[in-house]
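Asks: Let's have the full structure, built from the sequences with the hints guiding it.
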Amino acid sequence: MNESVHNPDQYMFGFRQIITNGKKKIGILLGAGAPVSINVGKDAWEPLIPNVVGLTKAIKSDLSPEDLKVFEEIESSIEDKNFEKVLSKIRALADVIGTSKVYGYDSNDLTSLTDNICNSIRKVVDRELPCSPTPYCELVSWVNGINRKHGIEVFTTNYDLLLEQALERVKTPYFDGFSGSRNAFFDPSSISRNDLPPRWVRVWKLHGSIGWEIGPSNEVIRLPHSQNTSMVYPSHIKYDQTQAAPFSSLFERFKNFLLEPDTLLICSGFSFADAHISSKIIESLIANPSAALFAFQYNKLSDEPYAREIALKCPNASIFCRDGAIINGVEAKWRTGILPAKNWESIREEYYIDEKFLLGDFKTLTRFLATAGGEFGVKFDDIPLESLSQVLDLFPPQRIEEDNQNA
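Sequential numbering of the sequence shown, starting at 3, is according to the working numbering.
Since the hints were derived computationally from the structure, they do not count as laboratory data.
One thing to keep in mind: the hints can contain errors.
Stated by the list, open to error - SDA-like cross-link-like pairs, simulated, lysine to any residue; straight-line CA separation at most 20 Å:
hint	residue 1	residue 2
1	151	175
2	91	79
3	358	315
4	71	106
To be verified - Just the calculated beta-carbon pair ranges, DEER-fashion:
hint	residue 1	residue 2	range
5	351	41	16 to 26 Å
6	291	105	47 to 57 Å
7	351	130	24 to 34 Å
8	263	337	28 to 38 Å
9	200	67	49 to 59 Å
10	5	181	50 to 60 Å
11	24	64	40 to 50 Å
12	103	198	45 to 55 Å
13	24	105	49 to 59 Å
14	102	190	33 to 43 Å
15	149	71	52 to 62 Å
16	54	325	17 to 27 Å
Ideal placement from N, C-alpha and C gives every residue a C-beta, glycine not left out.
Replies: Here it is in structure tokens:
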């Protein structure tokens, strides 16, 4: 029978040309999987910031016995057990019960529990970026290593300040939508104009950040060394929250970026389980066929249902998983073939070993970005293509014939 396969060498050859081209509009979407790639353990693996499961454990260990009891009772009633789901239900209950009691807590008690959970989250994610080379440092090295016509835009759902620390260490200017110092205020007009010099990195915190607070006039401000947070969690009120400043402006910038001609969004550490963000991506990719999404996923294809859904709906969305990919709407396993350039085999080891695609790991992806360029292949400027999505058309899925033993 005929079986489609994808050759990782061909696609990474094309991707390498794209990321070394300073004329393209490139954005990056970072999820919770990014900081997990940094190991701070001595004997066993210990991520700098844990994933959702690890964060849930950390929250539970930090709660008082009374709060923990309520947390676990609510958690037991939820199928997908993680702190985001629990927090969503706590907020929903706090909005409606008033002086009545649920699990022994009234509305004020549940609101206090919400604050305690947020404080626990802040303590876990408020980490110092290690001095040793990190994926964030290598990401910044790639950003700074190319003379660009358009500034790099980083969209992230993470609350930490790891990227900001990496940028500041090498004195790379960035803008996050706030102006001022003592009580920095959010400036939506600067985001909509987006007229900063290309060397400035745009950092858009879609779910909020450490240091964001609600000011006296009910506006979001950014304070140095703040102990509070203003975060948007997946919850029953998230849509309403994202319609208010600054989140409405940040999501509008995200949408407008995807609607610009010949843009590329590189995703790492993001599961696409956030329906609000995924719907924006699908809507924009359908409306703008010249845009492209390259999502590098850590797991196998079968374990990435949300990413698969986007790639199957949008031909200009490609997902690269450990065992295969969906490219141009074609789902197929990896199989190496003819090398795309001389001496390319040494580069292959950066992204493909033992029949496993490795760039789903943020650490491996940023190393690939940082080492891109050099003498291999032609520059993307020399390829007469009208849009980024056409790069993938250069390398259509291959078909191989196998004997069907059951035929």
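Asks: Under the constraints set out in the numbered hints, which ones does this structure not fulfil?
Replies: Failing hint: just 3.
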